[in-house]
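Protein chains in written order, with our numbering: chain U, 1 to 227; chain F, 228 to 641.
There are no misleading hints in this set.
Pairs of lysine to any residue, SDA-like flavour, derived with a Cα cap of 25 Å: (1) Lys630(F) <-> Pro62(U); (2) Lys627(F) <-> Arg84(U); (3) Lys627(F) <-> Glu81(U); (4) Lys89(U) <-> Glu550(F); (5) Lys630(F) <-> Arg84(U); (6) Lys165(U) <-> Leu231(F); (7) Lys381(F) <-> Asp410(F); (8) Lys125(U) <-> Leu232(F); (9) Lys61(U) <-> Glu550(F); (10) Lys89(U) <-> Thr63(U); (11) Lys486(F) <-> Leu498(F); (12) Lys27(U) <-> Val634(F); (13) Lys27(U) <-> Glu632(F); (14) Lys138(U) <-> Glu122(U); (15) Lys630(F) <-> Glu79(U); (16) Lys383(F) <-> Tyr404(F); (17) Lys630(F) <-> Glu81(U); (18) Lys89(U) <-> Leu230(F); (19) Lys630(F) <-> Thr18(U); (20) Lys243(F) <-> Ala568(F); (21) Lys138(U) <-> Gly183(U); (22) Lys125(U) <-> Arg237(F); (23) Lys243(F) <-> His146(U); (24) Lys165(U) <-> Met228(F); (25) Lys627(F) <-> Pro101(U); (26) Lys143(U) <-> Arg242(F); (27) Lys125(U) <-> Lys138(U); (28) Lys165(U) <-> Gly151(U); (29) Lys630(F) <-> Gln114(U); (30) Lys61(U) <-> Lys627(F).
Partial selection, computed: residues in chain F whose CB lies under 7 Å from chain U: (31) Arg237; (32) Arg536; (33) Asp537; (34) Met544; (35) Pro633; (36) Val634.
Just a sample of chain F residues kept apart from chain U, beta carbon distances all over 10 Å, derived: (37) Phe274; (38) Gln297; (39) Val588.
Hints listed in this document are in silico derivations from the structure and should not be mistaken for laboratory results.
C-beta atoms are modelled at their ideal positions from N, C-alpha and C, and glycine is treated no differently.
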Amino acid sequence: MVKQPPLLRTEKLTRTLTGEIPITLVKQADVAIHAGEFVAIVGPSGSGKSSLLYLLGLLDKPTSGDLFFDGMNMSTATEHERARTRLAKMGFVFQFHFLLPEFSALENVLLPMQQLGEVPFEQGKARAIELLTRLGLKEQMHKRPHQLSGGQSQRVAIARALINKPQMLLADEPTGNLDSTSGNTVKQMFRELARTENCALAIVTHDDSFSAQADRTIHIVDGVIQP
Amino acid sequence: MRLLLAIAFRHLMARKRQSVVSLAGIVLGVAFFMAISSLMQGSEADFIRRLIDNSPHITITDEYRTNKRQPVFEAYPNAAIQLRNISPMPENRGIRGYIQTLQLLKTYPGVRASPSLSGQGILTFAGRNIGLTVTGMIPADIQGVTTIGKYMQKGKVLDLETDSNGILIGETLSRKYGVDMGDSLPITSGTGTTRSFKVVGIFRTGRGGYDERNAFVTLPRAQALLGQPNRINSIIIKLDDAYQARTLASQIETAIGYKAESWQEQSEDMLSTLVIRNIIMYTVVSAVLLVAAFGIYNVISTVVLEKQRDIAILKSMGFEAHEIQTIFVSQGVMLGFAGAAAGVPLGVALMTGLMQVKMKVPGTREPITMPLSWEWNIFAIAIAFAVTASILAALLPARKASKIEPVEILRGGF
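Working from the sequences, and respecting the hints, build out all of it.
Shown next as structure tokens:
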């Protein structure tokens, strides 16, 4: 059996904040994540978990090192290529839902699909409704974010992250702002969606029960990945 | 693009009160810009129309623009010659060979010319001596080059042809001294010649001084009175296209040598005053729209500040910097166009209202209405200025929004 190359691979990825006293957020990180793999990124507060996630998600640019995603060296890619990759191949869920308050739940989910512009609107809308239904939000899809609970909003954010069928879903403490019931629902959904959508998961979490479900755990301390 | 416009529109709708206030600024700015521009352009056009109608388009006088050079300087251009205490050769004033000049002028298309001779005379009437400017002209010609015919209250200009001894006097003179049609007026010129004229017409231009101090007779009678037989001292020209006056005056002057002054040259100080007035007007009215633009800047800056999280999430989704900028510039465009769309009808209403205003100006008998211009350029400039000002006001916060780094905002959480 031929081993598939990783979906995402980094080589000595380093991110340093310049200033009077330079601060290294991530140091010489070598990471490889395969398609469909669930990777939990754990570590103490301020260890560089989120910084590593932002680098992997192309939201931040490394100071040095290389990042390959889907066979393309993103370290040398243009801003346009990085933005297109985020839009078409990645999905993000943050600790706070960050839904646009002027749009309904359904419209929020449709935003990345409309921006990508590769799927006819009606087809995309059907997928958005299907996703929201799977996430138990069929009755809430026309509500505005302020009319939804924290757990419901976070589920809308998950649907939004999945609308373009990303190859990789990146989440930064997605249950950190939820009560335990909602948190458990969201965790369960991540797991199920990763399996059904065949998408890699990279999740930063403090929650041991969540990281225990992962295929693999990356420990990071002071910006350095622990062996 | 539709998505970006939808986001821009939702942002504005989410802040209805702020948006409406900034919109009101643009609406009022556009309306006042239109009303004041229309008034200024209208009064300027009215002023120029009156100037063109009431003044000769070109006046040829028996003067030279520069003194003739002494022949010795012409003969020895490079010699060191100095002449002192010289005075010009005595010469009877008047345009030499005016018949030929008139024939030459007839060869120019769209030109109507009339010769005239003006001089000072003293009217002795009711025991008083009244100074008058007596102008001799050919009645049939003068009708085509002046508006005197329009101002006749009694009699006609052509009545001078039927009664060669006739005179046209102003209404003020008639009223002040009780002179009426058929009265005989003795006028004495500077040479001591006295001739008696019969009043065959009374004109009223509305300018009191002019209507008291001017009188018109036939050219031969003026030449006899002023002791200048076969002479004229000016040629009045009207053109089909008044705006050709400057060019044609220069051509005529080159051809005949005498000074030919266009109406623009005669009224240069007035016309330059109009330019300055326009600059002041546009500065003031533009200031209104600039203030309105600051309102838009304020609204969009606030939106950008409040929407930092949304901008960060849009960027993380894959929206690019220029697309974020487009969202906020679109808000300026929307406010600008909406302001213009509401401002134009309000401006038209203001202009229509101004047209109804009637004023009694001192020195006039009839109430006058405000001269307004309805030229398309007033509307175009107002709309263009409103939209441009709105876009420029939006550009600065939009650029700021496009530079937001999502990581910095996302790290901050709320």
